[in-house]
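Novice: Both chains come to you apart, so use the hints to assemble them.
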Amino acid sequence: MALDGRDPVKIDDALRPAMFDWLCRLGDNALILGHRTSEWCGHGPALEEDIALANTALDLIGHCQMWLGLAAEVEGQGRTADQLAYLRDAMAFRNVKLVELPNGDIGQTIMREFLFDAFHFELLTELSTSPNTRVAEIAAKALKEVAYQLDRASDLVVRLGDGTEESHARMQAALDHLWPYTGEMFTADAVDTAMTEAGIAPDLSDLQTRWTATVKDILDEATLTLPERRFDVHTGGKQGRHTEHLGYLLAEMQFLQRAYPGAEW
Amino acid sequence: MYAQMIKSESSNDDPQALAEFQARIDRGERIEPKEWMPEGYRKTLIRQIGQHAHSEIVGQLPEGNWITRAPTLERKQILLAKVQDEAGHGLYLYSACETLGVTRDELFEKLHSGAMKYSSIFNYPTLTWADMGAIGWLVDGAAIMNQVPLQRTSYGPYARAMVRICKEESFHQRQGYSIMMKMAQGTPAQKEMAQDALNRFWYPSLMMFGPSDAESVHSTQNMAWKIKINTNDELRQRFVNETVPQAEYLGLTVPDEHLRWNDDKQGYDFSEPDWDEFFEVLKGNGPCNEERLGARRKAWDDGQWFREGLSAYADKQATRRTAAE
Ligand SMILES: [Fe+2]
Ligand SMILES: [Fe+2]
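Just so you know, the sequences run in chain order B and W.
Numbering-wise (the working numbering), the first sequence opens with residue 5 and increments by one.
Numbering-wise (the working numbering), the second sequence opens with residue 743 and increments by one.
Looking at chain W on its own, in the form it has when it is part of the complex (with noise of 0.2 Å):
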C-alpha cells in the first residue's frame, strides 16, 4: 500500500449538509470534482492520493538503480517500461489531485521539504539483481491489494486512476514473479540472491499496509468515506495468504519462523514486522531516505532552467501571436 497511516481531516462543515454527503456515499454514488464536498473529505484525499502520487514517483529511484545493469536486453526492456509505468501512474495521481485543488507543483513542494510522506518501502536498498523481482513480486503485489479494493473508493477521479492503475500493477507483479521464478531455478547463487531478496523484502513489505488501525478513529473516518475500504490489518493478512504458496512455488522461504497455517481463521498465522524499525523509517532514518529524497531534489532542481525555457517560449510565442493579429 503506497498511502500509510492517513490521518482524516475534521470537517467543520453544517451538519445537515454532512449528513446528506454521507448518505450520497452510502447509497454508493460517486463524488465528482464540482460536487460539493466536506472539508475534512478534501484535505484527506489530497494527503491520500498525494502521498500515493509520491510513492510512484520515488518508487522508481530503487528499481532505476538497476535499468542500465539489466541482464538481458529483453529484461532491459520490461523494467524500463515497468519503471516508466510508475511515472504514468503519478502522473494520473497528481492530475487527479488538481481536481481537489492543488497544483502539481505544490505537491512536489512539500515532497521535497518532506510535509508529505510516501511509502517506507521506497527506502530500503536494491542490492542485486533478484531485488528486480521481490519488488515486483512483493511490492507491486501488496501495492494490488490495496489498490484493488480502491477502484471502489467514493471519489471519482481517484477511482477511475485506480482502475487504470490496477491492470498495469498486474504486469509488474507477474514480471516480477518470472524473475524470480528464474532465478530461484537458476545457478546456486541465483537462488541464493533470491531467497536474500526475499529476506530483506518481507517484513518491509508487510510494513507497507501500516501498523495495526483497526482501532484508530481516523480509519473509521476514511472508511465511512470510503476513502478506506478495508483495515490494514485485513490486506495484510490477505497479502500474507496469497503470497506464502507463492514463495513455496518458488521454493524460497519466507523468513518467519512462526508462519503456520491456522485453520480456523483459514489464514496464515504469521510474525508481525518490527513496527520500531517502521516508525525509524519513516522518521528519516531508513537505509535510503537521504538518497531517494536527495534524487528527487536533484532532478528537480536540475530541471528548473529546463522548465523555465519551456514556459519562456510558450510566453514569446504567445506574444508572437497577439503581435501578428
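Pulled out of the complex, with its shape left as it was, chain B reads as follows (with noise of 0.2 Å):
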C-alpha cells in the first residue's frame, strides 16, 4: 500500500525510471507554469484577471502536488513532492522551455496558457482513460480544471486578437514569440516512446493534430497570424536543457530550503 492508502503504482521494474521521468515533466510543467502565473498575483490589469490567475496557478500547483507525488512513489527512493520541488537543481526539472519562460506582459502570459492549456488538454483527456489507474486518477481530476482554463484562455485570446489595434499588435507578437517554444511539447524522445509503447500514455503526434486543429480555429477567430517559422526550434527542456531563465526561477523558489536545510514550515 501507497503512504496515502491507495493502490501502489503497477509497473514493470524496467520501466520506472522512464516513467519517473515522464510523471516529473508532467509535474515540473505544472510547477513551473504555476510559479509563473502566481507571479501576477496582486499585479494583475484588472481584479478579476488578479483573481483568475490566481486560481489557474493555485490549480497547477495543485496538479503538481499529484504528478511529483506519484513521480516520488514511482522513484521508490523515499522522497517526497515537495524533495523534488525544492531540491532537484535545472538539469534535473524536466518541463518544457515554454512554461519556464518570464512572463512578459499579459497578451504573452495569456497567449502562452493558452498554446500550453491546449496541449494539456488533449494530454490529460487521454492520459484520464489511461490502463494506468494511478495515472488516469490524477488526469481525470486535472482535466476538470484545465478544461477551465482553456476555455478561458481561448476567450481571452479571441477578444484581445480582435480588440483594439494595439491588443491585436500585442498578441501577435506574443505568438511570433512563443511559438518556436511549441513544438517541444510533440517532440517524442525515448522517454515518451517508452510510456507510449506501455500503454499508459498518449502518442504525441496524435496530440499534434487535434492541437493544430484548436490553436488553428482560436487564431483564426482571434484575426491572429500562424507563423511560418518552425514551431520546434527550441527543444531539450524535457531532458533537462534549458532556458538561462529557469536558474533564476528556481533560485527564488528553492530560496528557504537551501538557506535553511531540514527546517520544517
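I should point out that these hints are in silico values taken from the structure, not numbers from a laboratory.
From the three backbone atoms N, C-alpha and C, an ideal C-beta is built for every residue, glycine too.
Treat each hint with caution, since some may be false.
[As the list claims (entries may be wrong)] Pulled a few chain W residues facing chain B out of the computed Cβ check, cut under 8 Å:
{"id": "1", "residue": "P813"}
{"id": "2", "residue": "L869"}
{"id": "3", "residue": "Q932"}
{"id": "4", "residue": "F1048"}
{"id": "5", "residue": "E1050"}
Specialist: Structure, rendered in C-alpha cells:
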C-alpha cells in the first residue's frame, strides 16, 4: 500500500526510470507554469483577472503535487513531492522550455497559457482513460480544471486578438515570440516512446494533430496569423537542457529550503 | 482595522429628514442603496468603504512578495489562496461602494492620485517568511477585531460584505498563527525570525486602529450613524487582550516592557505606538509607500491596453449583433 492508502502503482520495474522522468515532465510543467502564473498575484490588469490568474496558479500547483507525488512513489527512493520541487537543480527539471519563459506582458502570459492549455487538455483527456489507474485518476481530476482554463484562455485570446489595434499587435507579437517553443511539447524522445509503448501515454503526434486544429480555429477567430517559422526551434527542456531563465526561477522558489536545510515550515 | 481616521462629512439636509433617518438607525433598521440617506452619510461611507477596499488590494502586495518563495507546495497554495481572498474582498467592497454612486474606476483613480488612503500597515516591508505568519496572525487579527462589529453596521451592502469577509479573515488568522507556531517551535534561526517579525509588526498592528478618537466629533457622528461601532481605543484594548496570551503560547515576547495585566480593568496595560511614525507613514514617508502605490499604478497602467482591448471587442460584438438582426 502507498502511504495515502491507495493501490501501489503497477508497472514493470524496467519502466520505472522512464516513468519517473515522464511523471516529472507532467509535474514540472504544472509547477513551473503555476509559479510563473502566481507572479501576477496582486499585479493583474483588472481585479477579476488577478483572481482568475491566482486560480489558475492554484490549480496548477495542485496538479504538480499529485504528479510529483506519484513520481516520487514510482522512483521508490523515499523522496516527496516537496523534495522533488525544492531540492532538484535545473538539469533535473523536466518541463518544456515554453513554461519557464518570463511572463512578459499580460498578453504574452495569456497566449502562453492558451498554447500550453490546448496541449495539456488533449494530453489529460487521453490520460484520463489510461489503463494505469493512478495516472488516470490524477488526469481526470486535473482535466476538469484545465478544460476551464483552456476555455478562459481561448476566450481572452479571441477578444484581445480582435480588440484594438494595440491589443491585436501585442497578441500577434506574443504568438510570434512563443511559437518556436511550442514544438517541444510534441517532440517525442525515448521516454515518451517507452510510455506510449507501455500503453500508459498517448502518441504525441495524435495530440499534435488535434492541438493544431484547436490552435488554428482560435487564432483564426482572433484574427491572428499563424507564424510561418518552424515551431520546434527551442527544445531540450524535457531532457533537462533549459533556458537561462529556469535557474533564476529556481533560485527564488527554492531559497528557503536551500538556506535552511531540514527545517520544517 | 483597514479604515483609519475616517472624517465624517456634514450634511446640509432637511433637519426633519435627518431626524427620521437617525430614528431608523436607532431602531436598528438597515439602510439599503435605493433609500434616502443624508449626503454626509453617503460620502462618509464612500470614504470608509473605499479606504477599506483599497487596503485589501494594496494589502495583496506585502504577502504577494513571498508567494514565489513559499517554502513548501502546501504553504505556497495557502498563501496564494489567501492573497486571492484579499482581492475578492476588494471586489465585494468596491461593489458595495458602487451602490453609493461611485464607480470602481473612479475609486482607483483616487487611490492612484493619493486622494484616497489605504491602511498604514501595508507600507511596512515583509522581510522574512515569518512575516507571512505575523501578518496573518496580527494584521488579519486586527482587521477581524474591527470588522466583526461592522457586520452590524447600518448600511446593508457594507454589513453583508463584512459577513462574508469576516469568515475568510478568521481562516487567514489561523493560517498565520500556524506559520508562527511552526517557526516558534522550529530551529533557532526560525524562532529568531518569528520573534523579529513580532517585534516589527507589533506596533504597526496597534496603529491599525488609529489614534485615540474617544473625544473626536467625527467619531461621535459616525457612531451615531452606526458606520463605526466602537472607539479605536476599545478595539485596540480588545486586540491586545486577545493577542498577548497567544504570543505567550508561542513562547514569543511582545516588544513592550510596560505590558502588564491590570486586574482592575481586566485587561492589559500597554505602551502606545509611536504616533509620529504613524502620521509620517500616512503622509507618504513609510518604508514602502512608494513601492506599494507604484506597484498599483504600474499594474493599472500596464493593464490599460488589456482593458481597452476587451471593451473594444465587446463593442464590435454588439455592432455585429445589431447588424445581424
Ligand atoms: Fe481581507
Ligand atoms: Fe485577510
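Novice: Would you mind marking each hint as holding or not holding in the structure?
Specialist: Verification of the hints:
no.	hint	in the structure
1	P813	4 Å, holds
2	L869	13 Å, violated
3	Q932	6 Å, holds
4	F1048	4 Å, holds
5	E1050	5 Å, holds
Hint violations for this structure: number 2 only, all remaining hints satisfied.
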